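Chains as they are written, first to last, in the numbering used here: chain H, 1 to 160; chain B, 1 to 160; chain Y, 1 to 160.
Note that these hints are calculated values from the structure, not bench results.
If you're wondering where the values come from, they're calculated on a predicted model, not measured in any experiment.
We treat Cβ as the ideally placed atom computed from N, Cα and C, and that holds for glycine.
This list has only true hints and no planted wrong ones.
Which bits of chain B does chain H cover? Going by a derived footprint, with three or more residues having C-beta under 8 Å, they are: (1) 26-34; (2) 91-99; (3) 146-160.
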Amino acid sequence: MSEDNNKATIIVFSGDMDKIFAALIIATGCAAAGMDTTLFFTFWGLNAIRTGEPVKAKGFLGKMMGIMNRGGINRLNPSQFNFGGVGRILFSKMMRDKKVASVEELLQTAIDLDVHLLACKMSMDVLEIAKEDLIPEVENVVGVATFVKEAANSKIQLFI
Amino acid sequence: MSEDNNKATIIVFSGDMDKIFAALIIATGCAAAGMDTTLFFTFWGLNAIRTGEPVKAKGFLGKMMGIMNRGGINRLNPSQFNFGGVGRILFSKMMRDKKVASVEELLQTAIDLDVHLLACKMSMDVLEIAKEDLIPEVENVVGVATFVKEAANSKIQLFI
Amino acid sequence: MSEDNNKATIIVFSGDMDKIFAALIIATGCAAAGMDTTLFFTFWGLNAIRTGEPVKAKGFLGKMMGIMNRGGINRLNPSQFNFGGVGRILFSKMMRDKKVASVEELLQTAIDLDVHLLACKMSMDVLEIAKEDLIPEVENVVGVATFVKEAANSKIQLFI
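Looking at chain H on its own, in the form it has when it is part of the complex (with noise of 0.2 Å):
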């Protein structure tokens, strides 16, 4: 198989801590055994690529979401046992306890592995963020056709 197609294209949907986590140790295991990996960010994946600053959005609708959908690696919640946010504490003790890296230590293991981080556009445009409040490791604002080329090349293609 020639090298040209040793690709890996994940979709991350999810703003779940814990499928966040998996997206990440799943880009940072591809990156690992040497596929070219990239992370496509869209919708409520977005947060966590998000510096976590307040959003400067204008619109009274896009204000609300700032609000209640804040972002930052540090900010997301399991998908289960949440429990008003105590369960983002119980599982980053978990997982410090058992040795394992946190979501924002897998991230910036990603970062240093050549994992490319993409940002959709569109989800960015409707949920009202923008390009200033990602983090400035994210390599560009993309459109899903950007998506659909990366991944048609992959060996590997997964929607978190």
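Got chain H; can you put chains B and Y on it based on the hints?
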């Protein structure tokens, strides 16, 4: 690469408005890129291709499910920030404000781009949904064997 | 196409009854079509391959998780319309009425069709689940590198 595997096959399991939106965006993106694209609707995903008319299920449980889970592309609720149905209106407004197509328009676009709409026979049986409860654009009601055959010959396969 | 990539690899992240059902239907469909099929259970998906016996975790958090999240294929709840546990019974009844196999029977069918059951080491560590807490049919406890290798050589890869 031969033309005969220039395919994309997407399982739509979720009935959440935001995930249906993502599935339709990806499907229309694949079709626009010239791929032979199939959406395979199963379980809650079937709601996106239901007429929205009251279900004529005969069994007690089927009737109950028909009331709680009426379906229709305009009745889908988002997975996050639903607030008892207000979320649907909020997201629809945000999408309209940003001049993003609605899920209803996207479904029509997918149909116009010859995306194949298939429905899963087994989950229709379990949820007591009949062929007449689905929109006429649904090409076929099929089993898992059809999905496996399509997916194994596709460059892109996703579970949404 | 050579026989050696006639594979399907499915990550089972979710512990929802309906998603486990979908994963098992797809896996048995792939196996029935002659594909070498692997289910890679991680996080909440591990519940589907737990014995259902009380967990013998030593740590406080592990004990708490063991109580809240006991596992066992017969204790899974659906993602929708759960109503505090009634949904499980409702769906089981609907499936029985329609003569559809239960999740428990489907798991056995998957085993009979030589579907490989693998468990994710890292999530077992985090959730304090030991090898003895899993059903004996689980072939192996593995890391992400094993998944990546399998998935990169598979025609079908899904994240459920």
